[in-house]
Amino acid sequence: MFAYIVRRLALMLVTLFGISIIIFVLLRVVPGNIVDILFDAAGFVDPTDKANLEKELGLDLPIYQQYLSWIGGLLHGDLGYSYVSEKPALQEILPRIPITAKLAGLALLFSTSIGIPLGVLSAVHQGSRLDYTLRVVSLSGLSLPSFWLGLLVLMAAVSLFGHMPIYNPNPATWIEAFAIYAVPAMAVGFRSAALTMRITRSSMLEILRQDFIRTARAKGASEASVNYRHALKNAILPVITVIGIEAAFLIGGLIVTETVFNIPGVARFLVEALRWRDYPIVQNLVMLIAVVVVVTNFTVDMLYAAIDPRIRYGD
Amino acid sequence: MTEAKAADTVLDVKNLQTVFFTNSGLFRAVDDVSFSVRRGETLAIVGESGCGKSVTALSVMRLVPDPPGRVVGGSVTLEGKDLLSLDEAEMRNICGNRISMIFQEPMTSLNPVMRIGDQITEVLRLHQEMTAKEAWAKAVEMLRLVRIPEPQRRAHEYPHQLSGGMRQRAMIAMALACRPALLIADEPTTALDVTIQAQILALIVDLQKTLGTGLILITHDLGVVAQTAQRVIVMYAGKKVEEATVEDLFENPKHPYTRGLMASMPAVISFGAKTDARLNEIPGMVPSLTNLPPGCAFAPRCSLAMDRCRAEYPPLQETGADHFAACWRVAEMGAAP
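Protein chains in written order, with this note's numbering: chain A, 1 to 315; chain Y, 1001 to 1337.
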C-alpha cells in the first residue's frame, strides 16, 4: 500500500510536469501577447517601444528559457508578476481562492446531498410517478447549460423578490452570505446533482437485484437499512467516480457562473487574465486547477479502497 | 390432524397461491399448495427447476418480488400467527427471528462490503436486546457452532476472504443466530463442491436436532431427501402432486412423476452388475406455466395418461396413512415398479 502511494505521488508529479508543458506551449500558440494587445489598443505602433516592453517582460527570450524561468520560480514559490496589475501573481491569486473554493465546495455538497438520496429514492420506487418526475427533472439538469440556468435564477430573483443577490465581500447577515454563495452554487451544481442522481439510480437498481439484498430482507432489516446500509454502500463506487470527474468539470461551470453572478473568484479571473494574455496568472492558475484535479483523482482512488474491502492496491 | 400434532405444528400452510404477472401473461408459480412442519421435523420439497419450490419458500417468508409476483390466496400460519395478514413491521420482527432462510448461492448471498461478524451481529441486534459487544461475542460463538475454524479472526473478515463452504456456514450461523422455530434451506448445497455438500448438510441436520428447529429443505436431489427428511412433498408445475413420509415415498411412490424422478436417479453400480444399464429419463419437458394443459400438467409426459387425465385435474387423494397423491390412476398403482 505504501509503495503504491509513493508510486502514485511520483506519477502525479509526472502528470503535472506534462500539463505545465502543454499549458505553456498552448498559451504561446494563441496569437498575440500582452504587448500586442496593449499597442493595438493604443492605435499606433512604435517598434522600439514595443521591443523594449517585450524585453522588460522577458517575452523576447527563447521559449525554453521562458519556461525554465517560470518552472524555476514555481519551485521556489515565486509565481512571477501579473502583467496587468504588476503585482505579484501570488497576491492576485491567493485572495480569490477561498471564494471559488466556497462556491465549488457548496456546489459539490449540493450535488451529492441532493443527488444521492434522490437517486436512491428513484431506484427504490422504480417505475413510480416519483421516479418519472425525478428522471425528467434530472434530464433537464443535464441539458440546461449553467449560464442559462444562472440567468434564469437571477431573473426569477428579480421578479419574485425585486432584487438579486450581488456579490459583497463582507456580507452583513447570514442570509445574505447564503444568497451570495448558495444560489450560484446551486446553479452550477444542478448539473452534477442531476448526473449524480442518475448514476446513483442505475447503480442502485443493479445492486437491489443482488442476492444479498434478499438476505438482508430475510433477516428482517428495515427498508431504510436495506436501501442505505446494504445497497447504497455497494452502489456508491461508480457515484464517487462521477463526483470526482464532476469536481474537475465544475471549474468550467464556475467560469460561467462567476461571470454571470459577478463573483470575483479564481475562475472568472482566469478568463480575464487569458483575455490580456497575462501569462504568469494563466499558467499558475491552470497549474493550480491541475493540482486540484490530480489530487481529487488520487482521493477517489483511495476512497475506493476504503469503501470496498475487495479493492486493495498491491505493488 | 390430532390435537397433540396441532400443538406441535410450527408452520401450517394452507392452499397457498402465488402468481406472477408477466408480459407473456399470468402464471401460477404456486397453485393451491398445503403442508405443515412440526417442531424438529424436516420436510423436503422436491421437484425439477421451475416447479415452484423456491417460490413456495419465498412466499412463506413474504420475499416474493412484487411486482411481478404476489401471494393471492391461502394462509401461512407460523406458531399460531397468520403471516400473510401481518403488516410490514410485524413481518420484519418475524423474519430472521422466528423463521429464517438459507439461500442457494453462498457466493452472492452475503453483503460483500460488510464483515462476516457484522452481518451476524446485525440480525442479533435487530431481534434481541443486546449491546454491540454482546452481539459480537454471540456472533463469534455462532461461527464456532457452525465449525468455522478460528472464529474470532474469521468474524473480522469479509465474504471474499472465505471459501464457498465457509460462506454457507456463515449463512447458517446468521440464519440460526436467533434460534428460529423454522429454518428454510433453499438448495443449500447445490452451488458447493460435492465433498463440501455432505458436510454442510450434516451440519444443518445436526444443528436442527440440537436446537429443535423445524426445517424445510428444498432440493432436487432425492439422495439428500432420503438422508435427511422425515416427510416429502413432490411438486410439479406449481402444484403438490404427492406427499408422504420419506420411507413410504421411496418404498411405494404413487404418482407417476415421483416414480419417474426415482427411476432417473443414478445408482452406484455394484461390482459385477450389468454396467451397460442406461439411466432412465422422464420424456418431454416441463410445460410452460403460462400455457398449462387443462388436465393434469404431467399428462403430456406420462406413459399412463388416459383421456380423463388430459381433461380434468386430479384431486389429491389419500392413498394410505399420511400418503397423498394427485393422480387419476392412483388406485392402480401398486407397489413400486
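Hints are computed from structural coordinates only; laboratory data are not their basis. Certain hints may be false.
FRET-style restraints, in silico, Cβ to Cβ [claimed, not checked]:
(1) A:Ser113 / Y:Gly1164: 37 to 45 Å
(2) Y:Arg1070 / A:Ile245: 15 to 23 Å
(3) A:Leu144 / Y:Pro1112: 57 to 65 Å
(4) Y:Pro1065 / A:Gly18: 46 to 54 Å
(5) A:Arg312 / Y:Thr1190: 25 to 33 Å
(6) Y:Arg1153 / A:Tyr4: 19 to 27 Å
(7) Y:Glu1088 / A:Pro95: 49 to 57 Å
(8) A:Pro309 / Y:Pro1067: 29 to 37 Å
A few chain Y residues facing chain A, derived, Cβ under 7 Å [claimed, not checked]:
(9) Met1101
(10) Thr1108
(11) Leu1110
(12) Tyr1158
(13) Leu1162
(14) Ser1163
(15) Met1285
(16) Leu1316
(17) Glu1318
Bear in mind that the values here come from a model prediction, so they are computed numbers and not experimental data. All C-beta atoms in this analysis are idealised placements derived from N, C-alpha and C, irrespective of residue type, glycine included.
Using the C-beta atoms of proline 1065 of chain Y and glycine 18 of chain A, is the stated range 46 to 54 Å upheld? 51 Å, holds
So, as I understand it, the hint says tyrosine 1158 of chain Y touches chain A; can you test that by seeing if any CB pair is closer than 7 Å? Interface hint status for tyrosine 1158 of chain Y: holds (4 Å vs cutoff 7 Å).
For the pair serine 113 of chain A and glycine 1164 of chain Y, does the Cβ-Cβ distance stay inside 37 to 45 Å? With a Cβ separation near 40 Å, serine 113 of chain A and glycine 1164 of chain Y satisfy 37 to 45 Å, so the hint holds.
Regarding glutamate 1088 of chain Y and proline 95 of chain A, is the given constraint of 49 to 57 Å on their beta-carbon distance met? Taking Cβ atoms as reference, glutamate 1088 of chain Y and proline 95 of chain A lie about 56 Å apart, which means the hint holds.
Do the numbers back the hint for serine 1163 of chain Y, that is, is its least Cβ distance to chain A under 7 Å? Result: violated, 15 Å to nearest chain A Cβ.
Starting from the hint 19 to 27 Å, judge whether the C-beta atoms of arginine 1153 of chain Y and tyrosine 4 of chain A obey it. This hint holds: roughly 25 Å between Cβ atoms.
Given the hint of 57 to 65 Å, check if leucine 144 of chain A and proline 1112 of chain Y actually sit that far apart at their C-beta atoms. Given about 37 Å between the Cβ atoms, the range is violated.
With a cut-off of 7 Å, does the beta carbon of methionine 1285 of chain Y approach a beta carbon of chain A closely enough for the hint to hold? 27 Å, violated
Closest C-beta approach of leucine 1162 of chain Y to chain A relative to 7 Å, hint status: 12 Å, violated
Hint check, threonine 1108 of chain Y versus chain A [nearest Cβ-Cβ separation less than 7 Å]: 4 Å, holds
Grab the minimum C-beta distance from leucine 1110 of chain Y to chain A and call the hint holds if it beats 7 Å, violated otherwise. Since chain A brings a Cβ to about 6 Å from leucine 1110 of chain Y, closer than 7 Å, the hint holds.
Status of the given 25 to 33 Å range, CB of threonine 1190 of chain Y versus CB of arginine 312 of chain A: 31 Å Cβ-Cβ, so the 25 to 33 Å window holds.
In summary, the structure is inconsistent with hints 2, 3, 13, 14, 15, 16 and 17 from the numbered list given earlier, while agreeing with the others.
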